[in-house]
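Student: Spelled out from the first residue to the last, the chains are:
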Amino acid sequence: MNVSHDPLVWFAALLTLSIFSFLYKDNPFYRFAEHLFVGTSMGYWIALTWHNAVKPNLWIPLVKEHNLLYIIPLILGLFYFLRFVPRLNWLVRLPIAFSLGWASGVAIPAVFQASIIKQIQGTMLTPTMFNRWDTGLWSVVILIGVICTILFFFFSVERRGVMKPIAQIGITFLMIGFGASFGYTVMARISLLIGRMQFLLRDWLGIVQ
Amino acid sequence: MRIGEALLKIDRRVIYLILGIAVIAPLIKPIGIPVNVMPETQKLFNAIDQIPPNDKPLLISVDFDPAAMPELYPMLLAILRHAFAKNIRVIVLAIWAPGTGLGEMALQTVAPEYNKTYGKDYVFLGYKPGMTAVMLGMGESIRGVFPTDYYGTPLDSLEMMQSIRNYRDIAMCVSLSAGTPGYLEWISYAGARYGLKIGTGVTAVSAADAYPYVQTGQLCGLLAGLKGASEYETLIERHGYSKAFKPACQGMDSQSLAHLVIMIFIVLGNIGYFLTRRQR
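So the sequence lines, in the order shown, correspond to chains A and B. Following the numbering used here, the numbering of the first sequence begins with 1 at its first residue and continues without gaps. Following the numbering used here, the numbering of the second sequence begins with 210 at its first residue and continues without gaps.
There's no promise every hint is true.
To be verified - Here are the simulated BS3-like cross-link-like pairs (lysine-lysine), alpha carbons at most 30 angstroms apart as the crow flies:
| # | chain 1 | residue 1 | chain 2 | residue 2 |
| --- | --- | --- | --- | --- |
| 1 | B | K252 | B | K265 |
| 2 | A | K118 | B | K265 |
| 3 | A | K118 | B | K252 |
Note that these hints are calculated values from the structure, not bench results.
Could you put the whole structure together from the sequences, leaning on the hints where they help?
Tutor: Here it is, written out as structure tokens:
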């Protein structure tokens, strides 16, 4: 056992235990750690944004290099604060409209290409998929799964006749998908617990390597 | 019926306690459950392994915060070790603000192990907000988005960056992603638009969503959660690239045991439900 002598490690360990104490019940230690985390995160984020975004992208070009074009983004940015001035709060729509318009224009074609067109291509059967029996089989399973799942959400036709078994196959695929997601979620949460335990047992108490 | 009711009324604190023991015990006394490498992990390993030494660099995007550190930080260390062992030059940046400190910490840990020099073998660009603008802007000009590195040094004065202008000069990008923005944005903006090869390491929560992108070839490989990290650690050790401590592999015994405990509780809960169903 090789207990750490670093006061920061001790502080981090005590904060970890304070958060874990919530598993028993809510208590002042937990609330202290939670509030400290929120405050510290926000402070860190503000400082980082100033040094990495506002200062190099606005302050230096405008104030030190006297590039007056940067007054436009400055004014647009300041309009966000007019939300607190009732008479002028309509002006906040200008930067929001600018951001929305720009972001939508950029995002829609990119997301359409990456998440719709390519995914549809991935569902289609091509001769090369059948070069190996296993990839061919999985491609057919994926195709059946996609079609049945989409038809499960097709509510314009009553689920009778041929639509009934198709919808049942669709929901079976959905359930398998949810099960896989849940399994991965459990794994993720346990991983976080393992990470904290490794910190407590290794970095703080020095019990494990 | 009493057994059924008892099974349904197990105090949650008892479950936490048993789960805690299941996690701690293997850390103190490892079981040594073998790590099997999944094809998606092997694909990412192969993609990085095939980058020629001292040629186009590997871009690593630290798209996570300390909350995802147990899963993604071991991946970052392992990928850096792999790249440095193969003399692949590395550019690290952060799309998530808290990723800045994690990226810098990882470089400061791994670079000295392989005697790598800052500016010659690796560069740290730091964090820049506005992920869409950053990803698209780097496709045109990296200097346009990052005129200086994280430490304020102009990119032109860094030896490694002399020949690197945009994505065309980068071998591939690995996004270590804990959510949005993350691998999906890299696929959409850098992959689809500029043809940059993308690989990813994700938290287990988002792993199921990432698999379709591997199947379509939009991702050249995938590391899924702590398991993916342990597989990558195993691969780099097996190929002789690293003999460093493997934190993800250390955690996998606990992971397996904890899963077993959860499965047992799910089965017990269902038994309790069926035993008491008639009463209801």
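Student: Run through the hints listed earlier and report the numbers of any the structure violates, in increasing order.
Tutor: Per hint list: zero violations.
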